[in-house]
Amino acid sequence: MNGRKEHRLTRIRRRTAALAAGAVNYLVLTAAALLYIAPILFMVVASFKPDERVLPEAGTWQAFFPDEVTLDNYAAVFRRVPFGRYMFNSLLITGSIVGGGLVVNSLAGYALARLQWRGRGAVFRVVLALMILPLQAIAVPLFYQTTVLGWRDTYVVQIVPFVANAFAIYLFYTFFLGMPKELEEAARIDGAGVWRTLVEIVLPNAKPAFAAAAITTFLMYWGLYLWPLMVTTHEDVRPLPLGIATFRTLPPIQWGDIMAFAVMMVAPVLVVFVIFQRWFVRGVATTGMKG
Amino acid sequence: MATVQLNHVEKVFPDGTRAVADFSLDVRDGEFLVLVGPSGCGKSTILRMLAGLEEPTGGEIRIGGETVNHRPPQKRNVAMVFQQYALYPHKTVRQNLAFPLRMMKMAKAERNKRVARVAETLGLTPWLDRRPKHLSGGQRQRVAMGRAMVRNPAVFLLDEPLSNLDAKLRVQVRAEIAQLQRRLRTTTIYVTHDQVEAMTLGDRVAVLLDGRLQQIGGGRELYDAPANVFVAGFLGSPGMNIFHTRLHGGEGDTLELEFGEQRLAVPEEAAARFGRVDALLERPLLAGLRPEAFSPAEDGARENGVRVRVAASEALGYENLVYFESPAPVFGQPAAGGEEHAAARMVARLPAAGPPSATGDSVVLTVDARRLVLFDREGKALSAKD
Ligand SMILES: Nc1ncnc2c1ncn2[C@@H]1O[C@H](COP(=O)(O)OP(=O)(O)OP(=O)(O)O)[C@@H](O)[C@H]1O
Ligand SMILES: [Mg+2]
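Those sequence lines, one after another, are chains A and B. The first sequence maps to residues 1 to 291 in the working numbering. The second sequence maps to residues 1 to 386 in the working numbering.
Bound-form chain A, shown alone (with noise of 0.2 Å):
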């Protein structure tokens, strides 16, 4: 009898201390799940502030709960800088880095992981050594040979240099290994050549590794400051990351303006985050196989 309730108790303060355990769990990820966002959200309140509130209250609540809502800040930026300029500048550049990247580095990755070739092997290895070298280490030899190329300030000097790219043959590579050999094994004997094989069936089957592919390159070469700081002088040319650079010191600084100018500059990334994430989906590839 005695027993009997003690059993209950154990179990009482058993659950008791899992539901704790929960809770505190969930406490932390919120607490940094606030860390993260609070900048965000800072620069979105912010973005929508009439200037000469911003900066006082940055540190009271109404940093995130304004009681004054206003579009002028974004009318600014357009009044004050070529923004639309910058944003296309931004969207083609990177763009074409990112769909060129796609089809260079797959079939780069496929051929490093299926076909056999001479010299596979050396080309593998520098490959991989690429991945560990910075761009800072080769930009100036980069510049050299754009510049003797005279193509300085242009659209191409910006994007060429990016569109191989060896993380992205690597991220290829290794998800081409993975994928179940007799599909293409398959598909050859049913009468398709390398490239039918390539499009009818590994092409489809690699969602997930584009999907992973677009959105890394895409951060990777967003943001990119120091090489378009390098090859190019006019604004005609120039991306976001310059654009922000030069709006941020042009006077009046007005701080309602500058997060304005930061929010639009970050929503593609979210828009691309967006398309890309349900083909992230795994095991697309192994479905067709036993199970």
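These aren't lab readings, by the way, just hints derived from the structure by calculation. Worth double-checking, as some hints may not be accurate.
Below, in silico cross-link-like pairs of lysine-lysine (DSS-like), each with a Cα-Cα straight-line distance of 25 Å or less [to be verified]:
#1 K113/B with K181/A
#2 K108/B with K91/B
#3 K133/B with K168/B
#4 K207/A with K181/A
#5 K75/B with K91/B
#6 K105/B with K168/B
#7 K133/B with K181/A
#8 K91/B with K207/A
#9 K385/B with K181/A
#10 K207/A with K113/B
#11 K108/B with K75/B
#12 K75/B with K113/B
#13 K91/B with K105/B
#14 K91/B with K113/B
#15 K75/B with K105/B
Take the given structure of chain A and dock chain B with the ligands to it, following the hints.
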């Protein structure tokens, strides 16, 4: 329709693994040939070389009389069913079936007709618009078969196509495949490590070990007259009992075979199948007896009986498998009288009707000596022709 020939084919992988060695085989037009052997013996490698997925490192492969050693898979007109089916996951059943036809650039109307017909034959019509992941194992297997059949290839290659099905379904699909092949009469090479499939499906069965062909022939022939102890032990479930022995002269036209301390009477004509009798006498031999060569001795009738001690028995309902401590030294097993668990065993297949034997029982079994097979000490079957 085509013949398939392999002449002294060899495959050594870049890492040095010799998967197939000096392998020669002639498959007749329309034949159903089963390739059987233990895991890792090179069965898949042979199929893959036939399909063009691997190049042989030696010898010659001919399909329909033409040498195809260097011909890519898409130009061979063979179809293959993979163990894991390899259905295209992003395509529906209909698109999977149509794929080989599209690759042939077949006109759409004709294509649809063929797909519909194959789907009908295999009972896949209700699932044509489903993706493979929404099909059961049996249905996937059928789609894989359908995709192979749909373009009427010269040769079917099947690599353990039933190994992912449960036992019941396996029996059913096995029968269907046999029936299908008989109707289509397409040359078929079927790989399995299941000797029941091998015995029931093939016109001929080729037994493989370590990349080498051990024996080829009809299932019955392999079962009754195995070329060596490996084939004898591999075919049949359980396999043949093989033991060390000697043959002695007896009275009249009866010889005596050592069975440990006991003796089995062997009619002279049963021994004569394996060579001149006087050449067989008094030399170390290996002898094989199928589990069904034993039967329960009638009470009193002790003719050609051996007394053995039961080690374990399995009642299967339709028969009893009785494992007994071998009185004779068993080939490839530790000698009897060693440690308890390592004691060499033999197995007898007895009618279920008989009284069940318990472990430790001493029973008398009658031996049908006409089913005896004799091998030399190396394990090669002896033959009257030598
Ligand atoms: N690409 C390869 N590189 C090196 N060795 C290989 C390769 N493919 C197969 N092998 C080896 O060749 C031998 C034969 O392999 P194979 O796949 O043909 O066997 P199998 O008879 O089909 O076996 P299982 O019944 O298990 O499918 C094995 O020892 C295997 O490890
Ligand atoms: Mg295999």
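Right, here's what the structure says about each hint:
1. K113/B with K181/A: This hinted pair is violated, its Cα atoms lying about 30 Å apart.
2. K108/B with K91/B: Holds, at roughly 17 Å.
3. K133/B with K168/B: OK: K133/B and K168/B at ~22 Å, within 25 Å.
4. K207/A with K181/A: holds, 17 Å
5. K75/B with K91/B: Distance of about 23 Å is within 25 Å: holds.
6. K105/B with K168/B: Given pair K105/B, K168/B is violated - Cα atoms ~39 Å apart, limit 25 Å.
7. K133/B with K181/A: holds, 18 Å
8. K91/B with K207/A: This hinted pair holds, its Cα atoms lying about 14 Å apart.
9. K385/B with K181/A: Outside the cut-off at roughly 48 Å; violated.
10. K207/A with K113/B: The given pair, whose Cα atoms are some 32 Å apart, is violated under the 25 Å limit.
11. K108/B with K75/B: holds, 22 Å
12. K75/B with K113/B: holds, 24 Å
13. K91/B with K105/B: holds, 18 Å
14. K91/B with K113/B: OK: K91/B and K113/B at ~18 Å, within 25 Å.
15. K75/B with K105/B: It holds: about 14 Å lies between the C-alpha atoms, which stays within 25 Å.
When the structure is compared with the earlier hints, violations turn up for hints 1, 6, 9 and 10 and for no others.
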